[in-house]
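Novice: Listed below, chain by chain, are the residues.
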Amino acid sequence: MSASDASMSNGSEIEGSVSNANPPAKTASSRVIKVSELARVEGEGNLTIRIKDGRVKTVRFGIHEPPRFFEALLQGRMFGDAPDITARICGICPIAYAQGASHAMERALGVDLSSGPLRDLRRLQYCGEWIESHVLHTYMLHAPDFLGYPDSIALAKDHPGVVEKALRLKKLGNRILEAVGGRAIHPVNMKVGGFYKTPAKSAIRALIEPLKQAIEDSLDSVHLFAGFDFPDFESDYTFVALHHPSEYAIEQGRIVSNRGLDIDIAQFEENFDEEHVSYSNALHGVMKGEHGPAYLTGPLARYALNYQQLSPLCRETASEAGLGAVERNPFKSLLIRAIEVVYACEEALRLASAYEEPEVPAVPVAPRAGQGAGCTEAPRGICYHRYQLDAQGRILTARIVPPTAQNQKIIEADLLGVVTRNLDLSDAQLQHRCEQAIRNYDPCISCATHFVKLTVIRE
Amino acid sequence: MTAKPKLAVWKFSSCDGCQLSLLDCEDELLAVAGAVEIAYFLEASRAVTSGPYDLSLVEGSITTPHDAERIRKVRRQSRTLITIGACATAGGIQALKNFANVQSFIRSVYPHPEFIDTLATSTAIKDHVPVDFELRGCPISKHQLLELVSAVLNLRKPVIPTASQCLECKRAGTVCVMVASGTPCLGPVTQAGCGNLCPAHDRGCYGCFGPAEAPNTASLAQHLAVLGQSRRDIELAFRSFNANAEAFRREGNAHERE
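Protein chains in written order, with my numbering: chain A, 349 to 807; chain B, 3 to 260.
Okay, chain A solo, but in the shape it has when bound (with noise of 0.2 Å):
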């Protein structure tokens, strides 16, 4: 495999849309580009930008991957199915679906979770599934288009250490689902009012010598990406997020904005909305009032809104990689994620150490007629759930708003900002950078849908 990204074709030629083989006749005053399925993104999305006369007149970032219809779907399904099902929304991040299912539910049924040892082995749980996916993400999926690889494998190749480690880590996040879910993808051991079984201590306990070892390499990732060249590019965003007063919010908090937004999960609905638009079978997330529509939700967001919540050892990383406390350069979402699983291994670390059995796996639930929401930090963004129950606990109306529906417009705006600073680029350049600028969002696009094709016109 070549190294050169100018020679690759992105795409499938089974399609018969892959654009790059023949590139369109160029004018000095009109282009079109076109990349019809976006690699190492999950799910399938496209991208098409059309620029006229030296100006960039439309980017449209839509995502093709077929609708699965969730929301109609758990409609007449009892509470204690909708984790299961939700998890099923994303093979990535299922426990960000089971929990935020969890979460919504327990607050209709008037349950309460938010302290306690079932509360900690969620956030345990929760702690391997960002490392799982921060670390899939960074060195799989992004990593090589700062290194000019078309993909790990082959950058396995040249630099076998970086890669090994990489996979020694991701390992140990999918150990800790293990551990705590009985699977990796979609775990089985997660239910409405905790778990089916408590996880023996000792299993527990076998996390703690790996994890040392984990917070080392983890450290090695920032330092490594640390070196890499970022584009220049910086946005005025609107960022979201969750946010606690004593630790960096993963699947609790409120959710605030760096422009004064602080509500209850429960007043999302009241703050944020979705729209359809013709391209795209995702809903695009906006926000209400005078900071909208496009907001940020993900890696950016957490940092700048919760700097102070992370830990000494994150902070000083942090700094030595040339991070300040807010950071507006969406290439730099790379290096904190790695931030990030620094934070995961030192929390995970911390909960393994104090794990004792809880008395009981779960609380009693008992069904009854309600309304609830839930939210949570998954690896890309905030994840929101809302349920109504009727008596018998089954479920009347559902919604979700995953990550990557909110970010798609944020994701449009950075790529009318790259595309309008790089109209001098090829075409194949060009389709790299604007690659590159998606992957900044690690897009989950079998979420979002609820497929990329890149199409940029020069006219």
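If you are wondering where the hints come from, they were derived from the structure by calculation, not from laboratory data.
Be careful, since some hints might not be right.
To be verified - No more than 25 Å apart at the CA atoms, straight line, and that leaves these computed lysine to any residue pairs for SDA-like:
{"id": "1", "chain 1": "A", "residue 1": "Lys549", "chain 2": "B", "residue 2": "Asp204"}
{"id": "2", "chain 1": "A", "residue 1": "Lys539", "chain 2": "B", "residue 2": "Gln79"}
{"id": "3", "chain 1": "B", "residue 1": "Lys172", "chain 2": "B", "residue 2": "Gln224"}
To be verified - Part of the chain A face toward chain B, derived, beta carbon under 10 Å:
{"id": "4", "residue": "Asp429"}
{"id": "5", "residue": "Phe543"}
{"id": "6", "residue": "Glu582"}
Predicted model only: the values in this text are computed from it and were never measured.
Where is the CB? At the ideal position from N, CA and C, for every residue including glycine.
With chain A fixed as given, assemble chain B onto it according to the hints.
Specialist: Showing chain B alone in chain A's frame:
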């Protein structure tokens, strides 16, 4: 140098979890990558080599007219085509729409139904093209995936048992949750392979590996009724991640409300 077999990984309607299982083979990934040429795997690489392909792994179900056409093109370019997971093998959780009015589904999720191009059904890959092997699971077991890829590369029969989950519990010494605590369990009619997960976590099997060989679903349904499950409960138990697998579809339909 002898050419390595060309591996392609294709995605249709799915959660990406089954192809992620390949990337989750942390200890074996570089060895697998050494044994094959990864010719098409968009989730992992932007480098793409044209077909034909020696082995195609197909994830996801067919839910759009475009995908119904695309799978035929994939089949024409693939020497061996294997489906991975419940979506590709049975239609997945999204096949629940097969039992409902799809227009009302679209209306309940999307403000502009006219933008959505979808078939009324979510169907397995075998409903569209011939399939050489179907790997079960929601998600698949990465151990079974490695066994299958190894078998295909070495031209031997894969060792993938088709017996029920019950056998897996007996071998593992897991106490039967249905006998011991009256917990409803689909283990007697579900294919083994997950690694004895749910009963070992004190819950009933929910059928994510689909129907076992010759499953007696009617007998199990009777027993679930004895345990106090309503017709609606039994219908929904069979209608989850493998709702459109024939044996589960039949039993679910038999318990549908009048």
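Novice: Would you check the hint for Lys172/B and Gln224/B, treating anything up to 25 Å between C-alpha atoms as holding?
Specialist: Within the cut-off at roughly 22 Å; holds.
Novice: Assess, step by step, whether the Cα of Lys549/A is no farther than 25 Å from the Cα of Asp204/B, and give holds or violated.
Specialist: Within the cut-off at roughly 17 Å; holds.
Novice: Was the hint right that Phe543/A lines chain B, CB cutoff 10 Å?
Specialist: holds (8 Å)
Novice: Less than 10 Å between beta-carbons is the criterion; does Asp429/A satisfy it with respect to chain B?
Specialist: Where the cut-off is 10 Å and the nearest Cβ of chain B is about 7 Å from Asp429/A, the hint holds.
Novice: Holds or violated: the hint that Glu582/A contacts chain B, with Cβ atoms closer than 10 Å.
Specialist: With a closest approach of 26 Å, the Glu582/A hint is violated.
Novice: Is the Cα-Cα distance between Lys539/A and Gln79/B 25 Å or less?
Specialist: violated (43 Å)
Going through the hint list in order, the structure does not satisfy hints 2 and 6.
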